[in-house]
Amino acid sequence: MSKLPLAGQTSAVVVVKAASYSKDLADAMLRGILECELDVAGKTVLLKPNFVEFDPNTCINTDVAVVATALEVFRSLGAAEVKIGEGPGHRRDTLAIAELTRYRSEIPSFDEVFVDLNRDDVSGVKGFAGRDEFYFPNSVLSADIIVSLAKMKTHHWAGATLSMKNFFGLVPGSIYGWPKNELHYIGIDTAIAELTREFGPKSFALVDGIVGMEGNGPIQGTRKQAGVLVMGSDLAAVDATCCRIMGIDPARLAYLQKAADQLGVIEESRIEQRGEAIAGLRTNFELIKEFSHLRSA
Amino acid sequence: MAGLIPDSKSYLGARLAVLRSTQNSDGGWGYFAGKSSWLEPTAYAALALAGEPAADRAWKLLSSWQLPDGSWKPSAEVQVSSWGTSLCATIAMVRNEWGQPLENGVKWLVGSRGVESNWLNVTAARLRLVKQERDVSLKCWPWKPGNSGWVEPTVHALVALKQASAKLSSSELRSRVQMGEAQLVDVRSRDGGWNYGSPAALGVDLPSYPETTALALVALQGRNDLSNDLGKAFDLARRQMGETPSPMARAWLTIAMRLHGVKPEELSGDPQSDLMITGLEALAAPEGNYRCMQTAGALRE
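Note that the protein sequences, when read in sequence, are chains L and H.
All residue numbers for the first sequence refer to the numbering used here, where the first residue is 2 and numbers rise by one.
All residue numbers for the second sequence refer to the numbering used here, where the first residue is 7 and numbers rise by one.
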């Protein structure tokens, strides 16, 4: 996989227009992945969607169509195995959330391909965020590629939740609870950066921005149509691009400041934009007053 | 506690049969069959099968996971003190084992609190220097040390400490129980139930969840002074019972209702692949061991 860029190098990010969760989704997704030159042949792939919580009145979750399509697309690209894994941050009964989000009913054989990351077997990792030992699910540690199937949303603690913040769901609730409060005490921005440091090198981002969430996200915001899928192997570059589409200055987002240069690139000049030009795609996501300073010029 | 072995075709019998057939060779249960043993599914299975040899094997394993500070770790692999200490204390009392391991566990629980109740936060809240969504002077329990307190670990700690008060009472234990109950009342959502830890976030009300509402009701057994007020929670619980797709939530709602003497709708259906839920469903059955969580009147003794 292409990985963290050396000084002066660029990262590729692909933006694909997708007006709806329609049948054309597979074509759009495949086009984007191929433009990213991602090679999944023979590899084990873990798709990590966001179903932290469910509310029928808004759009908290990575849409089921995106997850189902990704499952098919990564299989078609020759992955040895494709699993779906999530460790919801709030609710204990993961499969009940999967039912509410229609994952169980609309993704074929969902129960067979799904891993509850909150309750998977775990192994210790040394030195994560300065901890002597921190535990992660074995399904995460053993995957060759983790695909962050994130939702494009504002976030009332972090400013935005995109492919990097989505990795909070990799942390097992069986040890760290519901929510994963340990990450808040590490510091949300630091934890986001540390999770990217740990897993970014084997990850690919695919952000569902077809319909995102603005305002008081990630749970209580409102729907916002952006009509895009954003993809790339440099998670920071993908998140920076999503921010630009959302009308957020990525350089003002604390977690991207921590990631910049160490974990990926966020400057526009160092992101090789493929697919759609983002200039015409910007649609300002409403920001709560605590994050109004993030608005880009 | 086990009486006659229920018919394996009955709701309870089917679940106990699944538990008996999925016990790991080390005596524990994974969250799912074939997975490593974890404290939580092992504890619920041990309570559901109390009195059987399988429960003895489970307790032998859990006993080996107690740490020198009195707490329990959540699995063989993980070297972290866990909220599951409360469940192990409850199992010890169900087994009538009131020895040093239980005393150590109870002592650890009495000393455990969410970090939000530190001196600085409490002082800042009293001086109104910061706006708090809840009263941080009321200590509750975290999932693990060094984190904030939340409803579910608080509930299990209250159940264990109220049960322990029968023989291990102290002014500190009574104070923690009273404060813990007050904390649960303080964080109740505006709709009458409970969210996972706070009634609001950034000033916006949070809705209650069925599982946390049920758990809070389990912890508030015996609070007859609240009975009128809890009626609203039971109305909500009945509604949640009909709406939630979560078998775990339905199991906890059923346990809560039984412990409060409220007749629940009977559960039905086949056992899940999720062994933790299977254990909870077995506890929730009419002839199940839900009374393992009974605490009513314990503090008055």
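What the hints contain is simulated information worked out from the structure, not anything from laboratory work.
Keep in mind that a hint or two might mislead.
What the hints assert, rightly or not - Derived pair list, reagent style DSBU-like, types lysine-lysine, alpha-carbon separation capped at 30 Å: (1) H:K173 to L:K290; (2) H:K79 to L:K259; (3) H:K79 to L:K290; (4) H:K41 to L:K127; (5) L:K84 to L:K24; (6) L:K84 to H:K137; (7) H:K79 to L:K127; (8) H:K137 to L:K127; (9) L:K203 to H:K41.
Since we're looking at a predicted model, the values are computed, not measured.
The hints, checked one at a time:
1. H:K173 to L:K290: At roughly 53 Å apart (the allowed maximum being 30 Å), K290 of chain L and K173 of chain H break the hint.
2. H:K79 to L:K259: violated (33 Å)
3. H:K79 to L:K290: The given pair, whose Cα atoms are some 42 Å apart, is violated under the 30 Å limit.
4. H:K41 to L:K127: With a Cα-Cα distance of about 23 Å, the restraint between K41 of chain H and K127 of chain L holds, given a limit of 30 Å.
5. L:K84 to L:K24: With Cα atoms ~22 Å apart, K84 of chain L and K24 of chain L stay inside 30 Å; holds.
6. L:K84 to H:K137: violated (43 Å)
7. H:K79 to L:K127: holds (18 Å)
8. H:K137 to L:K127: violated (37 Å)
9. L:K203 to H:K41: holds (25 Å)
When each numbered hint is compared with the structure, violations occur for hints 1, 2, 3, 6 and 8.
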